[in-house]
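A.B. asks: Protein chains in written order, with numbering that gives the first Met the number 0: chain A, 0 to 73; chain B, 0 to 399.
Hints were generated in silico from the structure; no laboratory data involved.
Treat the hints with caution; some may be incorrect.
Partner residues aside, some chain B positions facing chain A, computed with beta carbon under 8 Å [to be verified]:
id : residue
1  : I132
2  : G137
3  : D165
4  : V167
5  : P170
6  : Q174
7  : R191
8  : S193
9  : I211
10 : A230
11 : V231
12 : Q268
13 : V388
Cβ-Cβ distance ranges computed for the label pairs, FRET-style [said to hold, decoys possible]:
id : chain 1 : residue 1 : chain 2 : residue 2 : range
14 : B       : L176      : A       : L53       : 58 to 68 Å
15 : B       : R221      : A       : N50       : 40 to 50 Å
16 : B       : E121      : A       : E14       : 31 to 41 Å
17 : A       : A51       : B       : G288      : 29 to 39 Å
18 : A       : N50       : B       : A284      : 23 to 33 Å
The beta carbon of each residue, even a glycine, is placed where N, CA and C say it ideally should be.
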Amino acid sequence: MTDEPTFEQLYAELEEIVRRLEAGDLPLAESLTLFERSAALVERCNALLDNAELRVRELTQGPGDVPDTRPFEP
Amino acid sequence: MPTQDILSVSQVTAYIKSLFLMDPLLPDVWVTGEVSNFKAAASGHCYLTLKDGDASLKAVIWRTAARQMTLPRDGDAVTAHGYISVYERDGIYQLYIDRLEAAGAGRLWQAFEQLRGRLAAEGLFDEARKRAIPPRPGRIGIVTSSTAAALRDILRTLAARYPLVDVVLAPAAVQGLEAPQSIVLSLAALNRWSAERERLDVIIVARGGGSIEELWAFNDERVARAIAGSAVPVVTGIGHETDFTIADFAADLRAPTPTAAAGACSPDQRELRSALGALLARGLATTAGRLEGMTVAVAALEARAALASPQRGIARDRQRLDDLARRGGLATAAALRNRRAHLQGLARQVAALDPNRVLARGYAIVTRGDALVSSARQVAAGDPINVRVADGAFDATVQG
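This is chain A alone, in the form it adopts within the complex (with noise of 0.2 Å):
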């Protein structure tokens, strides 16, 4: 596992940020830099699924019954 967040992480932050744009009680100088986070947020998204290469593994039984995977062969 890595700390990278996710897509979904991002696009729920993403999601939060606008919904707090869109709520209007922000001071100016905040609801910018929420937006250039929000603008930045989209770059990453984007970035993310036009690397993604589907990734499949298969379960397999590990020694000692501990379940483990392997990457999957068509």
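We have chain A already, so just place chain B on it with the hints.
C.D. replies: What follows is chain B alone, placed relative to chain A:
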């Protein structure tokens, strides 16, 4: 004269009919027998008699039901489902058939209906139990045969629609005697993986199309209970559009095919990209609106107190907003203004090139034959020329 009420034939027949309707067995019955006297009427309705060694039963298949079944022939051993009621005009009772199977298949459907009824009564299929499928899952489990077309269809669909998703496959036998147990074990393995290792957002249970016998593993009670009991939401995609299995009823979502199941678990990335753009546009619109309002307010202040510096601050913020919008690929109001000004400039240039407008200012177009005369060297004394001005043309001769 009798002392009790005297009934008409209609009244007694209606009474007998009501007895049939109230009976616990006759409104929903499976009957097995041999077909005889089968007749398809021009109306589309079919009439037949079911027989065994000792008795016969008249039967009807209405047109709408007949259209959806393979019609029997005399001598066929069938199992029919329907209700038994009275046909008042002839004073007979008959079986109104809504489903008809070869005798063996009929037993399968009987088992199917019994199991479905039992599990439904238990609440296993209740809508309240159904969980929502996350719109953008991070990780999907799949239970299906690792060699079948169904898996290829699912993976191809996911790769095209939402390649960000992480797939964990738990291969299972999907037909034959061992299939139910195999499906149950794979579901359990994925649930364990989700609980102990990596969270799964949804599990697809799939199988491509096949005969009723080939799909039968998905009408097994163990499979239905494993699906209903899965901690991870389950989407089924079993067979074709017209196949309904017990597993489908137990699932959180039933998709008509494996491909449709993959589609139900994944957003289309094209739609996702436009949704991202729409979110950004909403953020821009509201932020730009704030700035616009602020500019007006500042202008008012400025008018009153001649405060210049906040206006510069606003201008700087607007510039910053435009920069951001450009990064997001959005046309800003300013960019649109620039584009419109540019278009207006172009329109003026085009208008300036219009020959009629040039002529209106006192210029003339001179031609000799078909050639435009743009140089004094093109003509000599005595040449006939044509001169065109704003409101007409005339011929002339070059003097020298």
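A.B. asks: Give a verdict on every hint.
C.D. replies: Structure-based check of each hint:
At its closest, the beta carbon of I132 (chain B) sits 13 Å from a beta carbon of chain A; the interface hint therefore is violated under the 8 Å criterion. For G137 (chain B), the suggested interface contact is upheld, since its CB lies about 5 Å from the closest CB of chain A, less than 8 Å. The criterion of a C-beta within 8 Å of any C-beta in chain A is met by D165 (chain B), whose closest approach is roughly 5 Å, and the hint holds. Against a cut-off of 8 Å between C-beta atoms, the interface hint on V167 (chain B) holds, since the closest Cβ of chain A lies about 6 Å away.
Checking P170 (chain B) against chain A: minimum C-beta separation of about 6 Å stays under 8 Å; hint holds. A least Cβ separation of about 19 Å between Q174 (chain B) and chain A goes past the 8 Å threshold, and the interface hint is therefore violated. At about 6 Å, the closest approach between the beta carbon of R191 (chain B) and any beta carbon in chain A falls short of 8 Å, and the interface hint on this residue holds. At about 11 Å, the closest approach between the beta carbon of S193 (chain B) and any beta carbon in chain A exceeds 8 Å, and the interface hint on this residue is violated.
Of the supplied interface hints, the one on I211 (chain B) is violated, with its beta-carbon coming no nearer than about 28 Å to a beta-carbon of chain A, more than 8 Å. Checking A230 (chain B) against chain A: minimum C-beta separation of about 15 Å lies over 8 Å; hint violated. The closest approach between the C-beta of V231 (chain B) and any C-beta of chain A is roughly 13 Å, which is over the 8 Å cut-off, so the hint fails. For Q268 (chain B), the suggested interface contact is upheld, since its CB lies about 5 Å from the closest CB of chain A, less than 8 Å.
Interface hint status for V388 (chain B): violated, as the beta-carbon distance to the closest one in chain A is roughly 59 Å, over 8 Å. About 33 Å separates the C-beta atoms of L176 (chain B) and L53 (chain A), a value inconsistent with the hinted range of 58 to 68 Å. R221 (chain B) and N50 (chain A) have their C-beta atoms about 42 Å apart, which keeps the hinted 40 to 50 Å range intact. Remark: the range hint 31 to 41 Å for E121 (chain B) to E14 (chain A) is upheld by a beta-carbon distance near 39 Å.
A beta carbon spacing of about 34 Å between A51 (chain A) and G288 (chain B) agrees with the range 29 to 39 Å that was offered as a hint. A C-beta distance of roughly 29 Å is found between N50 (chain A) and A284 (chain B), which places it inside the suggested range of 23 to 33 Å.
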